[in-house]
Amino acid sequence: MNKYQKLATAATAALALAGAAEARELSFAIGHPPVSSLVKGAEAAAERFNEATGGDMTLKVYPLTLLSMAETPGGLREGLADVGTVMTPYFPAEFPHTNLIVESSMILETIPGATEVQAPAFAAAVVEFIMTKCPECNEEFAAENQVFTGGAGTTPYVLNCTKPIVSMEDLQGARLRIGGANWARWSEAIGAAPITMSGNEMLEALNQGVLDCIILSTPDIYNFGMGGSVSHITKGAPGGAYFASVSNMNKDSWNELSPEQRTEFLKAMAFAAASTSVAYQEGAETVEAAARENGVEIHDAAPEVIEATKAFIEEDRQNTIAYFAETYGVTRGEEMLNDFSALLTKWVDLLGDADGAEAVEKLYWDEIYSKVDIAQHGIN
Numbered sequence: 000m001n002k003y004q005k006l007a008t009a010a011t012a013a014l015a016l017a018g019a020a021e022a023r024e025l026s027f028a029i030g031h032p033p034v035s036s037l038v039k040g041a042e043a044a045a046e047r048f049n050e051a052t053g054g055d056m057t058l059k060v061y062p063l064t065l066l067s068m069a070e071t072p073g074g075l076r077e078g079l080a081d082v083g084t085v086m087t088p089y090f091p092a093e094f095p096h097t098n099l100i101v102e103s104s105m106i107l108e109t110i111p112g113a114t115e116v117q118a119p120a121f122a123a124a125v126v127e128f129i130m131t132k133c134p135e136c137n138e139e140f141a142a143e144n145q146v147f148t149g150g151a152g153t154t155p156y157v158l159n160c161t162k163p164i165v166s167m168e169d170l171q172g173a174r175l176r177i178g179g180a181n182w183a184r185w186s187e188a189i190g191a192a193p194i195t196m197s198g199n200e201m202l203e204a205l206n207q208g209v210l211d212c213i214i215l216s217t218p219d220i221y222n223f224g225m226g227g228s229v230s231h232i233t234k235g236a237p238g239g240a241y242f243a244s245v246s247n248m249n250k251d252s253w254n255e256l257s258p259e260q261r262t263e264f265l266k267a268m269a270f271a272a273a274s275t276s277v278a279y280q281e282g283a284e285t286v287e288a289a290a291r292e293n294g295v296e297i298h299d300a301a302p303e304v305i306e307a308t309k310a311f312i313e314e315d316r317q318n319t320i321a322y323f324a325e326t327y328g329v330t331r332g333e334e335m336l337n338d339f340s341a342l343l344t345k346w347v348d349l350l351g352d353a354d355g356a357e358a359v360e361k362l363y364w365d366e367i368y369s370k371v372d373i374a375q376h377g378i379n
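No gaps in the numbering here: position 186 of the sequence shown is 185 in numbering that gives the first Met the number 0, and each next residue is one more.
There could be a bad hint or two in this list.
Claimed, not checked - Below 27 Å or equal to it, Euclidean Cα-Cα: the simulated DSS-like pairs (lysine-lysine) are:
id: 1; residue 1: K266; residue 2: K370
id: 2; residue 1: K266; residue 2: K132
id: 3; residue 1: K39; residue 2: K59
id: 4; residue 1: K370; residue 2: K132
id: 5; residue 1: K39; residue 2: K370
id: 6; residue 1: K361; residue 2: K59
Just so you know, the hints here were simulated from the structure itself, not pulled from any lab data.
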């Protein structure tokens with residue numbers, strides 16, 4: 000090998016080392032098990048992002064290993080993860096404006112046609128609201144050193160129980176695990192006993208007899224491995240949906256990204272939101288059928304429970320506005336819920352003819368994610 004060949008070889012090696020040094024892997028913490036729809040959607044989105052960036056900036060998903068659901072906001076704030084799935088209802092004091100909207104999901108029960116598109120419609124309405132109509136929501140995330148970049152929704156919340164819980168009589172004193180303040184208020188209104196705990200604790204509590212039921216979407220019963228512990232499912236109450244901020248990013252990490260990388264990240268997260276939400280929507284019937292085959296009894300809530308739930312939804316709007324104003328100083332509650340209700344109706348209509356995750360993703364990108372000002376959103 001002559002002198003010039005040696006120099007060329009050395010230069011090539013130096014460039015390779017420089018490229019390796021410049022490459023950045025973003026850690027993505029999700030407190031769900033690897034089999035969950037949320038993790039699968041995030042992993043597919045990570046592949047898209049990694050391909051789009053050519054490996055200069057990559058994303059790696061850590062399901063249930065890096066941070067639990069309860070640990071994620073603090074872990075994001077301290078930089079223990081670059082990206083994380085945040086369940087804002089677990090943190091009422093930190094995210095009051097966001098939770099006012101997220102915990103008003105039972106509005107869905109009043110919108111014709113919502114059930115058929117509930118998961119993707121609720122996700123879209125929340126994301127569009129936070130991105131376009133709620134500067135306070137974004138300030139809440141910024142105060143926790145994170146940037147909101149989208150989220151996913153679920154199918155209706157139902158009663159997943161170890162015994163039949165169908166009538167008002169059955170519900171009296173029943174111990175119900177709840178994942179948000181709205182379901183706690185509903186539980187108390189109909190005479191049950193709400194119990195708050197992390198999603199990572201549900202299976203053990205169910206198996207130990209601490210709980211009679213878990214208020215949760217049916218796909219999540221299987222996402223969290225509780226299919227063998229639930230023997231009765233009651234549909235029709237309480238209703239509503241859950242919203243997860245799927246891909247909040249540490250603010251410092253977000254500011255490291257170039258404008259092009261931020262755009263590619265949002266494209267990937269529009270895909271994650273669509274694929275996850277559609278997986279919930281399409282998976283509900285499949286999960287219910289599998290549950291029946293495994294001996295789970297499926298019930299419809301008794302008429303008096305449905306009527307009591309309707310009455311609760313009507314009364315809860317003003318109670319929610321008053322509660323968030325008095326407890327957390329949320330001053331725009333009425334305006335916020337009016338705007339959000341309009342967005343919910345818009346998205347139920349928009350998604351009525353959408354067929355599959357690809358069509359939903361296109362709507363998400365065209366209507367919301369493509370309109371985010373990446374030069375301003377989350378930038379110091």
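A quick look at each hint next to the structure:
1. Simply put, K266 and K370 have alpha-carbon atoms about 11 Å apart, close enough for the 27 Å limit, and the pair holds.
2. Distance check on the hinted pair: K266 and K132 sit about 21 Å apart at the alpha-carbon level, within 27 Å; holds.
3. Taking the CA atoms of K39 and K59, the gap is near 12 Å; set against the 27 Å cutoff, the hint holds.
4. About 13 Å separates the Cα atoms of K370 and K132, which keeps this hinted pair within 27 Å; it holds.
5. Between K39 and K370, the direct Cα distance comes to roughly 26 Å. Compliance with the 27 Å bound is thereby established for this hinted pair.
6. Straight-line distance between C-alpha atoms of K361 and K59 comes to about 24 Å, which keeps the hinted pair within the 27 Å bound.
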